[in-house]
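Residues per chain are reported as follows:
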Amino acid sequence: MNADLLTQAAVSGALIGGLYALMSLGLSLSWGALENINLAHFMFILFGAYVTYQLTSSAGIDPLLAALIVVPLGFAAGGLLQIFFEWAKVDEFKSLIISFGLFIILQSLARTIWSADFRSLDQSINPYVGSSFTVGSVSLQIPLVIAFVAAALIAFGTQAVMGRTFFGKAVRAVVHDPDTAQAFGVDHRRVGVLLAAIASAYSALAGVLIATFQSLSPTMAVGWFGIVFPVVILGGLGNAVGNFLAGIIIGVAAGVAAVIWGPLSASLVTFSIMVLALLFRPEGLFTRKAAI
Amino acid sequence: MRTSHKLVRLLALLFAFALVAAACGDDEGDAPTTTADVPTETSAAPSEDPIVVGGSLALTGFLAPTAAIHKVAGELFVERLNAAGGLLGRDVVWDVRDDESTPDQAAAIYERLITEENVDLVLGPYGTGTITAAMAVAEREGFVFPHHTASLTYAYTYACHFPTWPVGVDTNISNPNIVYDALEASGNPPATIGFVLNEFPGTQLIGYGPPNSDAGGAVSEAKKRGWDVVLEINFPTATSDWAPIASQVAEADPDFLYVGALGVDGPNLLTALDAINYTPKGHFYQWPAPGPLLGAPNADGAMSVTVFESHPPYTDDPEAASIVDEFAAKAAEAGIPYTLFDVQAATSWTAWQVLTAGVAGAGSLDQEEICDWLLNNPVETIIGTIDFDPAQQNYYGDLSVIKQIQDGKWVVVYPPEKALPGATPEL
Amino acid sequence: MKSRRRALTGFAVAFLILLAVPHLAERMDWPGFYLTFMFTAFFWITQSSSWNMLTGYSGYFSFGQGAWFGVGVYTTAVLAGKQGWSFLAALPLAGFTALIVGLLLGLVVFRLRSLGGEIFALTTLAVAFVLAAIARIFAAIDGGRGAFMTSVPLPEFLGEFRPAMYRMTLVIMMLTLVTAYLIYESRLGWGLFAIRDDEQVARGLGVPTFRYKMAALGANAFFGGLMGGVWALQIGFVTVEDVFSIRVPLFVILMSVLGGTRHWMGPVVGSLIIFTIVDRFNSAGFENFNQVFIGSLLILLVLAVREGIYLRIRERWVATASLFGLIIAASVIFNSSSMVWKFLWALLGILLMALIPDRAWQKLALRRRPTPSESREDRETVDA
Amino acid sequence: MSLLECQGVRKSFGGVRALSDVMMSIEEGEIVGLVGPNGSGKSTLINVLSGFFPADSGRVDFVGVDLLGQEAHEIAAHGIARTFQIPRPFATMTARENVAVSYMFGREKHSLAQARVAADEWLDFTGLASIAESNVDQLNLQQLKFLELARALATEPQLILLDEVLAGLNPAEIEGSVEMIRKIHDRGITIVIVEHVMRVVMSLSHRIVVLDQGRVIADGQPDTVMNDEAVISAYLGGKRI
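Chains as they are written, first to last, in my numbering: chain A, 16 to 307; chain B, 20 to 446; chain C, 29 to 412; chain D, 18 to 258.
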């Protein structure tokens, strides 16, 4: 086991951890701030990826530019879903079951539209697949670097917005004391819809990035459960920066474990981290009491 | 007085429900599958009734990507069969259900098809687990069971199972050796070889042989040829992070990379290898999804096993050529991205050919007669002549050939008599 | 207690009647699938009822059913499938292994006061993933090779495969239901209900919450595992991907929520309805709509019938029973398709009736307006 | 020997000391008023005595048994019951079921059948017989508070800790509640009552214990205690003279 190999594994792990963070952020925000365990986020990611695939393969749009269309679509979808949640007055438990129902329906829809067979952007129309650059002895995969940078910007940006702006304060007020927030003129519905829309836009963006370097199939979303939930738990519900760091921890741990003990150990390590986090820091590794 | 009033309303309500239910029930009565309890109609004109072939496929769940191909192949086969006059002078209907990629579901479906819906024949599902479960039902009910994609050849002992995954009962020895022969034939055999194997029963069988047996597989066969095994990685099905595997492959840098891959494992690994600027010197993928692998970076030179490809000599036969064309059109219509008729579609096709040949040969729908006929007569199929051999658990040797991506296309390269004219393995 | 004795007699009678079904099936030359249909229903009833002993009774939401099921499947797959134990010797261990894993989980999670309900739920979700990883890593369990159950011999007194499966699943289902009932009608059950409503208050009133939660989790794991042990036979070829999938927890939740988690009968009713619908959808070849339907039903039910349909149909039991009988009778007269279809129409009729909101139902003026507590009163005296 | 005896009970939350060296004893048959300004540690003391929070150190003897470190349900089994300031009924149960559950556990273990009968007795005693079948969401505040009492009584306690049972009630309801507390006391049950309404505490209690900043600053006859300078300054917030 040489040092280069471990370094490469750690760096690749950190990069893919950025993607994990982006995939998890939407769920984490809606869970932490809106108290919805919204499994539809997995479908926002999946549809983000498929729509990107479609735009690139049939209209020839650069996959990253497709984000300009996909992300607003995610925004709209998440907002509409939240309006429905508000209307139906769902609690945490109901949101879990309802969004599970949506998950199944949308997965079926994806299969109807794009067939069960694998879809992937061909090298000829996708400049990003396999592209990379080298720093020292370490290679960095460009789609993952983009995901990492996007995740970092979004995480810190979200945190700053939450901490400093009126919208952020409104969100926190709504979370902690909806009645009082109402009394001060904060419309908790509008805040909730906006937040849910933003969270879904993040998920859709994660989908765009996935389309640039992975093959897509309708069933792949189930496999994300095993990544997204550990990241969400470890990062702390609604904690954007914590979520980002948790993604990196999970990515690095799984990557390094896969090199040392083989790929089979990766999921065991991931879940051990999650269980330990649950036992000793159930509020998340990076959550101070003050966070949402 | 009041009570009777209420009672009237209750009865009215119940009656309304009963009507609704009965109406729904009548709809169902028209379905083609309910043949059990309608003797008056069936006995009136038996020859008018289609022959129903029952079966399931993994239309949803983790096996669904490949099962979609089998669905198109089966539908095309039935279409062509009926256009050519059907079977025993009757039309054939394929009643295919979704087993959701789960064996217990598949078992229940075959049970239902055979005993409740009284289908005339069955055809196996897609995937080792579902086939195993369904075969147990077919065996209990005494149904002839042609099946196309079971990879655990050593495990099947039912007298009337007819495998059309033509890899031989000792596939763990025969299959890798065909690959290795092709490598030797290239004139540039590897000195070192690395294995990356999916923890999937079929790929593990080829890699290491049956459990609790020292027969060995691809790994030990490579050693027998004096090649140095420099890498052995097992990875779980549905691995999404390929970077750690890729760095280990690059680190070991074998002359030849043998990937016990399913579906998109191959393209995923190649993408991850490309990201660290590594191009495998020579590489083989066991059961890849062909389309995505073609579009993957550095895919040129990738090898795999097949039994049929959409090019000469396979398409020399005009009938095969027309099947290939029609399949492409139908697959495109079904929204399947890779529309070339190849190994998956061909084995599906073969299973249909075996089933219909058995029925035609026996001249009846009697399961025992069909089984006997198939055991005693060779069958001409799209992948060649098949002669089921009870001494080899009804297998008949390994018909696999080697294909390789050359200039962005899959072409058969070995053995020479099956290869695209002029094509040879390149390393 | 009179009601308890009456209920247990009811269970015994039901058991004896159901036990006679395979003989009847042979006599009447029923399609073999009828038995398969019934024992698959027994499987789901057991899984959802055992899940309900934890989640419905104590309020701790669990995604762990797949884990208990999987441990049971792998116990018999390894012992009977690989090691050559006799099946009946391996079977009890399926329950006990799941019980031990369940109790180990409980020891960890229930000791932590800070653990909220949603965190408990996710921990149980993680258990299945961890167990899957362990099964993949250790060749003695699976090691990626799978395990064949198709050649495991069954003792002769159980009969052929189908009746044997039927008898084993029947016994396990009855054990599960009797346990669910006894818990429901006991101090343990009421202690759990108190925990569900307000755990801290329950403790203050003298409910030994830790022990009770362990008991509920243990019962859940044990019966889930025991039935999993039998189910390995139906699966035939056991693989990690399939066994530790989200199918079992998903359906168990769906079934229990539909039927209602407050009452031990809820999951029974829910399982029968969902399983029958899914089976007939599949039979009708609506594979494309199956999942859309399941998803929509889930959403609709959560929004429309919060308490589950069992409590509703019990308040309307005269209508329910009449409707069931009428539809069966009507479908016998008008429609000659298989018995499972008839059963489905009857169940759908009941489902539709249960979806009528209380207010609309009262407008139909079938009975005087019941006070909400009435249903609770007879909940305690309900029998099988 | 006293029924309940606290010695040096301490409890901190984070760095904040909620109780420091609480010394207090309760005699059998007493009604003791536990008063003090907001944040003086009254509720914390109730929570410690009923086992909801473990104390950091000290000793709580109840009829000769050390309660410290025991679980809440074990303490309930020794015969201490409590009520909550904001009623916390079991929401999915009827009033009767609420009381029945409590009787099943409580000090002695009873079967479900026995509990139904006993529950009716306690509902009768607290005047809730007419609403026995009602869901708790149909009850008004006073009924909920009485349900809390019935539920506490059903555990057959020797000692009841009442946490602000009168808060939020109107004068007429307070009147009724005081009656009820007397009635409970008449059954030989010792009562500790935490209360803000001074007039009521003064009239009900045989003895008053005053807490301030987690310590007992006065203990004695109601009249004497209320004239105690330390108590006055604690309440009025003035400097000690």
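Accuracy of the hints is not assured; some may be wrong.
[Said to hold, decoys possible] With a straight-line cut-off of 30 Å between C-alpha atoms, the simulated BS3-like cross-links for lysine-lysine are:
no., chain 1, residue 1, chain 2, residue 2
1, A, Lys109, C, Lys30
2, B, Lys437, B, Lys242
3, B, Lys243, B, Lys300
4, B, Lys242, B, Lys349
5, B, Lys349, B, Lys243
6, D, Lys200, C, Lys30
7, B, Lys300, B, Lys437
8, C, Lys30, A, Lys104
9, A, Lys104, A, Lys184
[Unchecked claim] Chain B regions said to be covered by chain C (calculated; three or more residues, Cβ under 8 Å):
no., region
10, 142-151
11, 180-190
12, 212-221
13, 250-258
14, 353-363
[As the list claims (entries may be wrong)] Restraint ranges, calculated between C-beta atoms of paired labels, are given here:
no., chain 1, residue 1, chain 2, residue 2, range
15, D, Asp245, A, Phe199, 40 to 46 Å
16, A, Val150, C, Ala168, 54 to 60 Å
17, A, Pro142, B, Gly441, 30 to 36 Å
18, C, Leu132, D, Glu91, 21 to 27 Å
19, D, Gly32, C, Leu132, 49 to 55 Å
No wet-lab data here; the hints were simulated from the structure. Where a beta carbon is used, it is the ideal one built from N, C-alpha and C, also for glycine.
Okay, the hints, checked on the actual structure:
| no. | hint | result |
| --- | --- | --- |
| 1 | A:Lys109 - C:Lys30 | violated (38 Å) |
| 2 | B:Lys437 - B:Lys242 | holds (27 Å) |
| 3 | B:Lys243 - B:Lys300 | holds (21 Å) |
| 4 | B:Lys242 - B:Lys349 | violated (44 Å) |
| 5 | B:Lys349 - B:Lys243 | violated (45 Å) |
| 6 | D:Lys200 - C:Lys30 | violated (36 Å) |
| 7 | B:Lys300 - B:Lys437 | holds (25 Å) |
| 8 | C:Lys30 - A:Lys104 | violated (43 Å) |
| 9 | A:Lys104 - A:Lys184 | holds (23 Å) |
| 10 | 142-151 | holds (count 3) |
| 11 | 180-190 | violated (count 0) |
| 12 | 212-221 | holds (count 4) |
| 13 | 250-258 | holds (count 4) |
| 14 | 353-363 | violated (count 0) |
| 15 | D:Asp245 - A:Phe199: 40 to 46 Å | holds (43 Å) |
| 16 | A:Val150 - C:Ala168: 54 to 60 Å | violated (43 Å) |
| 17 | A:Pro142 - B:Gly441: 30 to 36 Å | holds (34 Å) |
| 18 | C:Leu132 - D:Glu91: 21 to 27 Å | holds (25 Å) |
| 19 | D:Gly32 - C:Leu132: 49 to 55 Å | violated (36 Å) |
Checked against the numbered hints above, the structure breaks hints 1, 4, 5, 6, 8, 11, 14, 16 and 19 and satisfies the rest.
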